[in-house]
Structure formats: structure tokens, C-alpha cells
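The lines below spell out each chain.
Protein chains: 2
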Amino acid sequence: MDVMKTSKKIVERNGGNVSEIYFVACGGSLVDMYVSDFFVRSESAHITSGWYTANEFVHAAPKKLGSTSVVILCSHSGDTPETVAAAALARERGAQTVGLTYNKQAKLLEQSDYSFIYEWGDETRVHNNPMAIILDLTINLVDEVEGYAHIEEFRKGMGLIDTVVGNAEKQVEPRTAAFADKYQREPMFYILASGSSYGHAYGFAICSLMEMQWLDAAPIHSGEFFHGPFEVTDEDTPFIVVMGLGRTRELDERALAFLKTHAGKIEVVDAKELGLDMIDDSVNEYFNPILFYSVLSRYRYALSLRRGHDLDVRRYMGKVEY
Amino acid sequence: MDVMKTSKKIVERNGGNVSEIYFVACGGSLVDMYVSDFFVRSESAHITSGWYTANEFVHAAPKKLGSTSVVILCSHSGDTPETVAAAALARERGAQTVGLTYNKQAKLLEQSDYSFIYEWGDETRVHNNPMAIILDLTINLVDEVEGYAHIEEFRKGMGLIDTVVGNAEKQVEPRTAAFADKYQREPMFYILASGSSYGHAYGFAICSLMEMQWLDAAPIHSGEFFHGPFEVTDEDTPFIVVMGLGRTRELDERALAFLKTHAGKIEVVDAKELGLDMIDDSVNEYFNPILFYSVLSRYRYALSLRRGHDLDVRRYMGKVEY
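Just so you know, the protein sequences line up as chains A and B, in that order.
Residue numbers are given in this note's numbering: position 97 of the first sequence equals residue 97, and the series is strictly consecutive.
Residue numbers are given in this note's numbering: position 281 of the second sequence equals residue 281, and the series is strictly consecutive.
Calculated from the structure, these hints are not laboratory results.
Note that the coordinates shown come from a computational prediction; the quantities given were computed from them, not determined experimentally.
Heads up, some of the hints might be wrong.
Heads up, the list lumps identical chains together, so a pair's fine if it works in one copy or across two of them.
Claimed, not checked - Subject to a maximum C-alpha distance of 25 Å in a straight line, what follows is the list of computed SDA-like cross-link-like pairs (lysine to any residue):
| no. | residue 1 | residue 2 |
| --- | --- | --- |
| 1 | Lys104 | Glu267 |
| 2 | Lys63 | Met158 |
| 3 | Lys63 | Ile151 |
| 4 | Lys63 | Trp51 |
| 5 | Lys272 | Arg155 |
| 6 | Lys156 | Gly318 |
| 7 | Lys9 | Asn129 |
| 8 | Lys63 | Asp280 |
| 9 | Lys63 | Met4 |
| 10 | Lys63 | His46 |
| 11 | Lys9 | Thr163 |
| 12 | Lys265 | Tyr316 |
| 13 | Lys265 | Met188 |
| 14 | Lys8 | Glu92 |
| 15 | Lys265 | Thr237 |
| 16 | Lys156 | Ser282 |
| 17 | Lys63 | Asp281 |
| 18 | Lys272 | Gly159 |
| 19 | Lys63 | Asn14 |
| 20 | Lys319 | Ala257 |
| 21 | Lys265 | Trp214 |
| 22 | Lys63 | Glu20 |
| 23 | Lys260 | Met188 |
| 24 | Lys265 | Tyr322 |
| 25 | Lys63 | Ser19 |
Using the sequences and the hints given, assemble the complete structure.
Below, the structure is given as C-alpha cells:
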């Protein structure tokens, strides 16, 4: 479906009002929604936002969930039981549901008032991946309901992001190989980020490292780093600092400055140095995670090659009962 | 100050309306606010809630922050610069600020319209610790503004929680020693929880293990476990499962069932078995973190003794520039 038409329809059905937008999914799909939740939290004057792992949404649903709520759900397979159940609950409460999936026969689609079958794979243009579609839809919803001052800059950014990502992927190729060489025997990684990018610190930990490489990992919010976590800093512990553009960059810079003095193993992935400043300053922070997803995927791929651990190997997921 | 009087004053100043409650702090103080944010998200029909590490709140403040917002801030020392700055920003925007601290001369108090100097230490009754005060204040605010159906059960629970915690602390004493014996040489722990308890999975990781023991650690939401993280499960990796009472208990039980089949090292801390069901079912989930804080503090103390690593030793915090 078309993002702008969908956002218009949703808002029209509610007589111009949307009171809540809930982002509900599991694992990697939930990660992709973090930036949209961040956008609503920081830019909307009226709309409440919520970011939920699907099973928590089902078991402890927000009291606010109702007819003027919009629930955006995403499942790559389209059949994730928790996400399908969350969509069904949202409908029972009278909310409008938007489902995103890669699977045209997905059960999620049966519970979705609006649906997006997204593109996926190496050749895909990133502005058609679920993260970008959800962000685009969210920003259009906020714009429809209350106006968003930088909607034009955002739309221009959507026209540029594929180029930025394409360039950045080439730019990091040699350093992903060096990273894999250097860190191939490490058992544990910390990933630091803040603001719109924090979702991808979490995502790189739980999906790329834990799920796909069976490596220990933990995300740390750069703003929290100095209030506990930094005490583990030493010469041996690897830290990946995911530095975005935008308002919270200063938090990442502060963490990096500390690490440069006290840590021995630091990898910096910096949106500024990777050309994201091609997009207007008023909105480029919202593109951080789109860039980081693609670039960090190159890092994990290089690591998987060097470790001889294929990214698609699982020992439990889809293999045992759970 | 008195919680009920304070909540009445806050609501009266706004002509009966509170549109947002923001919970803003750093590290352990932020952990203590998680349950209050969870309460507003799941139980309030009208009030928007936000849970922010202070420096992110300052750099990317919510657009909604304004004269009908309440910002609750907590800093043990009372001088955490990010938290003091967040309070100042909240005031600039016209919000009402509530500051909690242990320090009567705290800078935070200068930026607080209402303040609570809380008790601390071994002899303290837990219902006077910051977590309980903030929860009490939050629930009273919601009750004042829109009514909360279980306010009486909650108040009864506040009268019982000290007894529950006291009993539980005695009950876990032998097993904290066994835990410390068994896990004293482990370099890394995962902590699982969900719902109102998730904050303490995060807190035990960043404060008790990373900050106070210089051990690697990561929290995992029980609902997210099966969507990536569980692929690290093996005979050697220790998992601490923090099982609360309430609506999301099923998520923890599912994670535990999987671990019992596939993991070799599991420690269960179960609110039900520790007697929290003494408090009414309609509200006992909100007391999970108050119980878990005290009980998990016994675990960390036992571990610190066995490891010969004093809980108060820091290498960076308050010792170097950052």
C-alpha cells in the first residue's frame, strides 16, 4: 500500500484524531520500530506512543488502547504467534491495525486493516524496507493529525537515503574485514548508542551477535554508561560505539572520549563520517538507524565469514519446541 | 513530604489535569522508576508516561513537556548533573517537578517544586525507599486525575510490603550463599524478566553486576528471549530468571521452561514462592520490583563476599574525569 494514502485513511476514519500509536513486534522487527517510537515521543504534541514486545502487549495491554489508537505490527514471516495475537487484541479493542510482512500469505494480514508487503534482500532499496516504511507512515500520521514542521526535509531525506547507504556500505567494506580479523575470537561485545539509534544497539546485540553468531552481547545506552556500566571498561572488553547524528550525539561523543582513555578495544561506526549529513540537519537523526542497519549488517557478515559461523544457522529457533 | 498531599497539590495546580508524567533519572535511580512508568502505561486511560535517562531527556526533550506535565526526578547524591539539568529544563517548560534524594543539601532540591528526602540503609523500611515513594505518588496521581479501581488494595499492599520483604530476605539467605558458591567464577550473567520487573533485570545487570562487581551482564526481556537472545543458551551460560507475579508471569514461565531443557546454569528468583501473593492479586505485580530489589541485593552481597570484591569499590565512578 501507499504510505501517504494509508495515513490519510487512518486519520479520516477517526475524524482527524489519532490519540495513540503503538509499535508492536518481536526481536528484529521490534528493533526496526524503535526510531518511530522515538520520533513520536520527541516530536508529537498530542499523540502517545508505545513500543512493545508483542507478548507483553497481549498480556499487559495499555488501558488507552481503543478506537482512536493505531497499532503498527511487523513480522517478517508474518506468522509470529505473539504478533498475530497482538493484532487480534488491538482489533477487539477497536483500534486500527497496520501489518507489515514479507509473506503474502501471512496470518498477520488477516488481522490487519492496512497492510504492507515489503521488499527484502541484497538488491532492495532501503527506503522500501520495513523500518523506513514504518517511519514514513508514522511521520505522515503525525503530520496529518497535527502537522510536522520538517515533513518536506524528511521527504527529501527519503529520496536520498538509498544513495547515502550505498556509499556507506562501500566505504566500510575494508574496515568490516579489519574488524572481523581483530575481533574474531572475542566472546562478548557491548554496543553503545543513544537517541534514535539505540534500537540498533539493542538489535545488533540480540539479533546479529546473540542469534546469528551465538555470541554474548549487551546494548548500553550512552547516557546510562556513566551511571554503572562503565565500571566494566578495561583493555580486553570490546565496545562498539554507534554514533548517530542529531540531538543526542553529544552523549555518544562523551562515551567515546572515556573509552579512548580507558578501553583497549573500540570500534566506531559514525553516521557523520559515513555521509548521513547529506540529509538535512532538521531530520537526519531519524535516518540514523536506516543507515546503521545496513552498515552493521556488513560488520556481522564479515564477522560471520571470519568465524566460519553462517548467519543463517540456528540451534533452537524453528528447530525445537518453545 | 506526604505523598497524598503532594499528589493533591499537583493535580489542583493544574485544575484537575495531568497530561504527562515523566520519570527522569540515571542508572539505579532510573531503574527504580521503571515500575511507575509501567503502571501508567498499562493502567491510565489518559496520562502519557515517559521513562528517560536524564541526558537524553535534556538533549531530546519530548515536545509534550509543558505546564500540564509532571516530571519526577531522583538522584541519590542529589547532585547528578544530568538529572539536575533535566529538572531545570522541565521547569523552563512550565512543568511541575518532584525531586527525590537522600541528600538534604542536594542541588536537585533547588529545581524541585516538591521534594522527598528518602530513607536509606539496612534498617530502612522499604516502603520509604525511593522506588516505593515514586510508585505511591504515581498511583495517587492517576487516582486523583481519573480514578484507579484498585487504590484501596494498593494501599493495603503498601502496609504489607515490609513484612513480605523481611520474610523473603530471611528465606533467600541460604540460597544466596549457594548461588555465590556456585557462580563465583562466572564472567557473564543474563537476567530475564518482564512486565513491572524488567527494570530490575536491567538494574541487576548494570548496577549490581557491572558497576559493583565489574562483571559482564545483560538484561533480556522474557518476551524477547525467543526472538533472538535464546540462541546463546548452553550448558555454560548462567541465567537468572526473575519471575514476578501478575499479568506477564506467563512470559517468564515460558522462558524458564525452555531454560530447564536447554541451559545448564539457572537461578530462579520467584516472587510467588517468596510470599508476594500475600498482597492482593489486583495489585501485587506492582510490588514485584520492591521485593526483587531487596532480595537481589542479598544475592549481590553474597556474591561480593565470595568473590572478595567489595560492593563499594569503583575504579572510575567519582574517581576519574568523564
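Results for each hint:
Taking identical chains as interchangeable, the C-alpha atoms of lysine 104 and glutamate 267 are never at most 25 Å apart, the minima being 39 Å within one chain and 42 Å between chains. Proximity of lysine 63 to methionine 158 under the C-alpha cut-off of 25 Å is restricted to the inter-copy arrangement: shortest distance 23 Å between copies versus 34 Å within a copy. In this assembly of identical chains, the alpha carbons of lysine 63 and isoleucine 151 lie at most 25 Å apart only when taken from different copies (16 Å versus 31 Å within one copy). Taking the shortest Cα distances, lysine 63 and tryptophan 51 sit within 25 Å of each other both inside one copy (15 Å) and across copies (18 Å).
Taking identical chains as interchangeable, the C-alpha atoms of lysine 272 and arginine 155 lie at most 25 Å apart only when both belong to the same chain, with a minimum of 20 Å there against 52 Å between chains. Taking the shortest Cα distances, lysine 156 and glycine 318 never come within 25 Å of each other, neither inside one copy (40 Å) nor across copies (45 Å). Taking the shortest Cα distances, lysine 9 and asparagine 129 sit within 25 Å of each other inside one copy (22 Å), while across copies they are farther apart (49 Å). Taking the shortest alpha-carbon separations for lysine 63 and aspartate 280, only the inter-copy value of 20 Å comes in at or below 25 Å, while the best intra-copy value is 38 Å.
In the homo-oligomer, the alpha carbons of lysine 63 and methionine 4 lie at most 25 Å apart only across protomers (23 Å), although the nearest pairing inside one protomer, at 29 Å, exceeds that limit. Taking CA atoms no more than 25 Å apart as the test, lysine 63 paired with histidine 46 passes in both settings, with 17 Å inside one copy and 9 Å between copies. For a Cα distance limit of 25 Å, the shortest separation of lysine 9 from threonine 163 qualifies neither inside one copy, at 31 Å, nor across copies, at 54 Å. Within a single copy, lysine 265 and tyrosine 316 get their C-alpha atoms only as close as 31 Å, which misses the 25 Å cut-off; across copies the closest is 17 Å, which meets it.
In this homomeric assembly, lysine 265 and methionine 188 come within 25 Å of each other (Cα to Cα) both inside a single copy, at 12 Å, and across copies, at 18 Å. For the homomeric pair lysine 8 and glutamate 92, the shortest alpha-carbon distance inside one copy (22 Å) is at most 25 Å, but the shortest distance between copies (35 Å) is not. For the identical chains of this complex, lysine 265 and threonine 237 are neighbours both inside a copy (6 Å) and across copies (23 Å), given an alpha-carbon limit of 25 Å. For the identical chains of this complex, lysine 156 and serine 282 are intra-copy neighbours only, at 11 Å inside a copy versus 50 Å across copies, given an alpha-carbon limit of 25 Å.
In this assembly of identical chains, lysine 63 and aspartate 281 lie within 25 Å of each other by CA distance solely across copies; the values are 18 Å between and 37 Å within a copy. Taking the shortest Cα distances, lysine 272 and glycine 159 sit within 25 Å of each other inside one copy (18 Å), while across copies they are farther apart (54 Å). In the homo-oligomer, the alpha carbons of lysine 63 and asparagine 14 lie at most 25 Å apart both inside one protomer (19 Å) and across protomers (23 Å), since each shortest distance falls under that limit. Taking identical chains as interchangeable, the C-alpha atoms of lysine 319 and alanine 257 lie at most 25 Å apart only when they sit on different chains, with a minimum of 16 Å there against 43 Å within one chain.
When the C-alpha separation of lysine 265 and tryptophan 214 is checked against a cutoff of 25 Å, the pair qualifies both within a copy, at 20 Å, and between copies, at 17 Å. Taking CA atoms no more than 25 Å apart as the test, lysine 63 paired with glutamate 20 passes in both settings, with 11 Å inside one copy and 15 Å between copies. Both within a single protomer and between protomers do lysine 260 and methionine 188 lie at most 25 Å apart by alpha-carbon distance, with minima of 19 Å and 24 Å respectively. When the C-alpha separation of lysine 265 and tyrosine 322 is checked against a cutoff of 25 Å, the pair qualifies only between copies, where the shortest distance is 18 Å, while the shortest distance within a copy is 37 Å.
Taking identical chains as interchangeable, the C-alpha atoms of lysine 63 and serine 19 lie at most 25 Å apart whether they share a chain (13 Å) or sit on different chains (15 Å).
In this structure, the earlier hints numbered 1, 6 and 11 are contradicted, and the remaining ones agree with it.
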